[in-house]
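Student: What follows is each chain in one-letter form.
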Amino acid sequence: MAEEKDREGTEAIVAEFHKKIKDAFEVFDHETNNTVDVEEEEPTGYIRYEKFLPVMTRALLERKYRPIAEDVLLRAFEVLDPAKRGFLTKEELVKYMTEEGEPFSQEEMEEMLSAAIDPESNAINYRDYITMMVIDEN
Amino acid sequence: MDCGDSLKYLVNLANTLKAALVIQNWYRRYRARLRARQHYALAIFQSIEYADEQGQMQLSNFFSFMLENYTKTCKEDSALVSRLFENTMRENKDRQDYVGLIEVPESYDGPRLHFPLTFTDIDLLLRAFKQQQILHAHYVLEVLFEARKVLKQMPNFTRIKTSPSKEITICGKFQRRNGLPSENNPYVFNGDFVDRGNNSMEILMILLVSFLVYPTDLHLNRGNHEDFMMNLRYGFTKEILHKYKLHGRKILQILEEVYTWLPIGTIIDNEILVIHGGISESTDLNTLHKIQRNKMRSVLMPPMSINEEQAFDLRRNKAGSSTVLPGKTESEKFSSEQLTKHEWEQIIDVLWSDPRGRKGCYPNTSRGGGCYFGPDVTSKILSKNQLKMIIRSHECKPDGYEICHDGKVITVFSASNYYEEGSNRGAYIRLSYGSTPQFFQYQVTSTSCLNPLHQRVSAMEFSAFKILKERMLSRKTDLINAFQLRDYSRSGRISLAQWAFSMESILGLNLPWRSLSSHLVNIDHDGNVDYMSSFDDIHIEKPLKEIKSSLIETLYRYRSDLKIIFNVIDTDHSGLISMDEFRTMWKLFNTHYNVHIDDSQIDELACTMDFNKDGSIDFNEFLKAFYVVHKYEKPEKSSN
Chain A
1 MAEEKDREGT EAIVAEFHKK IKDAFEVFDH ETNNTVDVEE EEPTGYIRYE
51 KFLPVMTRAL LERKYRPIAE DVLLRAFEVL DPAKRGFLTK EELVKYMTEE
101 GEPFSQEEME EMLSAAIDPE SNAINYRDYI TMMVIDEN
Chain B
1 MDCGDSLKYL VNLANTLKAA LVIQNWYRRY RARLRARQHY ALAIFQSIEY
51 ADEQGQMQLS NFFSFMLENY TKTCKEDSAL VSRLFENTMR ENKDRQDYVG
101 LIEVPESYDG PRLHFPLTFT DIDLLLRAFK QQQILHAHYV LEVLFEARKV
151 LKQMPNFTRI KTSPSKEITI CGKFQRRNGL PSENNPYVFN GDFVDRGNNS
201 MEILMILLVS FLVYPTDLHL NRGNHEDFMM NLRYGFTKEI LHKYKLHGRK
251 ILQILEEVYT WLPIGTIIDN EILVIHGGIS ESTDLNTLHK IQRNKMRSVL
301 MPPMSINEEQ AFDLRRNKAG SSTVLPGKTE SEKFSSEQLT KHEWEQIIDV
351 LWSDPRGRKG CYPNTSRGGG CYFGPDVTSK ILSKNQLKMI IRSHECKPDG
401 YEICHDGKVI TVFSASNYYE EGSNRGAYIR LSYGSTPQFF QYQVTSTSCL
451 NPLHQRVSAM EFSAFKILKE RMLSRKTDLI NAFQLRDYSR SGRISLAQWA
501 FSMESILGLN LPWRSLSSHL VNIDHDGNVD YMSSFDDIHI EKPLKEIKSS
551 LIETLYRYRS DLKIIFNVID TDHSGLISMD EFRTMWKLFN THYNVHIDDS
601 QIDELACTMD FNKDGSIDFN EFLKAFYVVH KYEKPEKSSN
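Same order as they appear, the protein sequences are chains A and B. Note that this note's numbering has the first sequence beginning at 1, numbered continuously upward. Note that this note's numbering has the second sequence beginning at 1, numbered continuously upward.
Just so you know, the hints here were simulated from the structure itself, not pulled from any lab data. Warning: the hint list may mix true and false statements.
In silico EDC-like links for lysine to aspartate or glutamate, alpha-carbon gap of 16 Å or less [unchecked claim]: (1) B:K18 to A:E78; (2) A:K22 to B:E504; (3) B:K18 to A:D71; (4) A:K95 to A:E110; (5) A:K90 to A:E120.
Chain B extracted, bound-state conformation:
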């Protein structure tokens, strides 16, 4: 090669190198932007989910408010409130009253279980569910009663040990199984078996049947969704009433009780605590061991202090005559049916808390229940109770698991694609004798797992922004007021900073608004925001033309809470409440939630909703009517 050639050669080499670098740099930045978009979408999903949980607090306060103001309300109201109260003093449900009365018809071609249950029944169920069959209510109730019977005998914390031949698998949220449970292959399911998707019933049935077949090798811990009030909000109740139109109500009643008998947690090798949520600085295992766990009915029903007279009145209203027991005062008897406040909080903390890097223990404001606990709290509680590690679930993690607090706290989340296709992986843990925990990750996808990353991220993003916009819509009036406050010249435009500040303070969501702004609103070349443009392509469909927009917005915003309240009032689960009940409930709601809807509007609303003019309102129809229309999409009901 002569000089000219070698020069050419070197130049070529340099050019190739440069070209490769350009492409690599470009691709890496693109990939980074993609990851950022994925994280943003996840942050949106998560902050909205937690804000919803926070709404729980308000609802819970509302119930307490109603019950505490019981004596101050007038006669019609007190009947309503005492009916609510009745729920807290239910008698023991007898098996004969339920199962015996339900016959399985000859024509039923779904799975038939045989008691005592065996592995064949599990297999039968799995195959039947794969074919979309529904288990008959008779069997559902039998399983629930059996489960209640077995769970009742279990302590608050089950103890298991590893051994050289024995490995324990821990799953955060049920989705997959890895080999059958057995003495050498025990499983711990760490709560939240229900409430997402449309197959919670099937999953719960498989879990409970498996539990009944392997009661010493399959361990179920209670999660925050094993709570009948949570089920009202998050969809499981709806699923049950839809699949079991005739017997759904009975199933709900027994299910509520089964939940309360689920153990609080598991202790492995006397050193690892497995619980659903976390701990607080006052967590005390000694107390937790002794609590009568079945008295913990719901996060929305904290123990109430009630005086002698109120308790007496309630008994009388309920039974029609006084039923005072000799030797015990009414309030004493009532108190013995509840947990103490301290006990109740102990369980809430265990089911709802989240670990954080910050030291100390703070109320969990995102969720509205439990607390945030720091590494110092973990160290203190672990040493106080002679433990080495906590394994918990409760939070969705992008990789399915996360280790924090210096290896002392592990989060394991087993539901992959929890928010949306591609949102996260699932994981489970295998604990073996004398070695560190092993993690197994997976992502369950259908055909879309073949889609390249950018398509999956786009899909997730689309979904996230859609629900974020719906959120904005439910606060439209407040948002516009906030924007206009800063729009001195009434130009319809404000700066990006002002827009971001308003969004954060009104919606209460901690999100990177500046980075998300281009997806939510129109921005001009000066960097100013046309704040009304967010609402151009989205509106709430008015079910009835006569209703004012402000009322529509309020109803839409609180539809989730209203659904729960309606359902609680509707104790016979008929789907109907009377006009009087509706009015009473609304008045109380009005005061407590501080909404400004006057009585005449409500009366008008109630009358229009009473479609067949028989004095009762089908509230499911009512709530279904409030759905969001996205302009560039076919109208679709928003998921409740």
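Pulled out of the complex, with its shape left as it was, chain A reads as follows:
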């Protein structure tokens, strides 16, 4: 009994997810032919909706793409700032972002810098930056 109810509940949630995904997909589907542009995966440069839907549904169910928590982000910055100055210089930020992990492209780097860097000190005060970003999203 309880299992059946659970299943129904999950089915309803999945149906809702499907609707939400489809609507969002259509905003990016300029050609109205059920594909969106993407830079990886398929050699044609498009992802078909049929392929996208199950992957995205699972991702939503598993809550895979939740925004990263503030404190996790803060600790990450602190690791890069061992001297605990409270900031990273522009050069340091650029070095880490373009040389470590999955490096930023030039466009991504420029974009991040435009909002993050305090023009007077030429540094990023990461606490303030994180707070600002969180506010903007909410």
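Since chain A is already given, all that's left is putting chain B on it; use the hints.
Tutor: Okay, now just chain B, sitting in the frame of chain A:
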């Protein structure tokens, strides 16, 4: 380094890597969310713009309905309707009647043009407009008459060729220029020169003057906004009447005619077709070449079938006596002043259609005119007419241009920031001899181009949601009814799914409602929607306390259509219509639009609007009174 140190070193490295990854992942997701927000805002702007264009269809049907029911209406109504009809049978306007009668006073310190026009005049205009000066009506009319004279002699499609020394620039919507037009540097402007912003007049003047200076090197194609009825809805008429209080009406009359003489398109190297909108499966260049294009007055005035008796009556009403010409029947004569339905549709298709990925040809329901055409239609029409490519405009693209249908259709849209600061880039195309088209993109911004992306997206979002909420407000009653239908327990709450479904079906806008919901309505932790909360912070200001809310809402919702109807009735552009005309028009509107406002309410409304009790109504004042108040903002008139 000993073991301990190298271990520490490796741990450090790993931590640094992890930290960098966290930050990069976070930033990329943030950026993706930002892009999604930008696209959502654009989708909102676009769907509302197209829904407005769809409203055109209804208005057009209304006019047809009025004209077709002409004989069935009673005496007062028929006078009104025949006056409308008169518009379709206007005589040729004589230059002397207009320009000659307008003097330019000594005290006028704006730009003075010298005919025949030269490059100096273009320069003069540019500098004057930069200083916010207005060109005197005398010169405006001179330019329009000259333009009409030159355009009349041009064929429906101008033909140009590239050559090794010659590159052609194609602009979708006028905003920037890149070097002066010349024999080796010709320009094609692909329609929609007017109707956005407050400087359409200045832009049009510069374009027409430039055209008159370089008539063989600057080519103008007609767009769907080169249509006097579109101008009524989208603001150009208002701009003209505001800037030229005395002579605006004359300018409007000649402008209407100039529009009809604009060529339909351009053909480059006999293989590239440049037109404003697109094609349909029945597009036939042979027909289009032969059409008398100046008979295409407006998308809202499709050709009417009319019988002998009606035509005779109209002539008599108009002239006061019968003016039957020997040898031709009335209806024949009338028909010869119109295009055939087939011809009219051919031009509408060219000015209004949009390409889509789906195969086939379907009516363009978003716009209410033209069609959606698929890649198969493109292939068929291109080969039938021995062409290789279509270059068109008509749709705003985020990157300023877009290629589709396997490279055979290019959209070029030159107005950057079309909806809002940061909404899109503009682009133009350079075609050179024997090579593929080159695209140039730009984004014209003022100081805000220095703003970081997230601020620009926030601004755009704010604007988009504001107009979306105004839209919701104009359908408030219907929306609430739909919500309540699903609210069995009368709790004021329904599920998100039910809310999204209601929104889509009532507003008719294809938007991702679930993703937008948090901006539009309050949602509780169960995921249920408090549907009335959307209307907490927004309401329509009542111009007069005595009017019922339902009437207010109807008037607000149809204010755009009403404005057009009023303006058409007001043939002398005085801004006033008589009480009788108002009542008659309202009765017809009532029936056709199926609104439920009874006659007594309208009478009451008419009387209250007649402020000085002289039997006439200033409808601009009337319509201006219906503006939306956003609770957390200073009251501002909604843009009409």
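Student: Please flag the earlier hints that this structure goes against, numbers listed from lowest up.
Tutor: none
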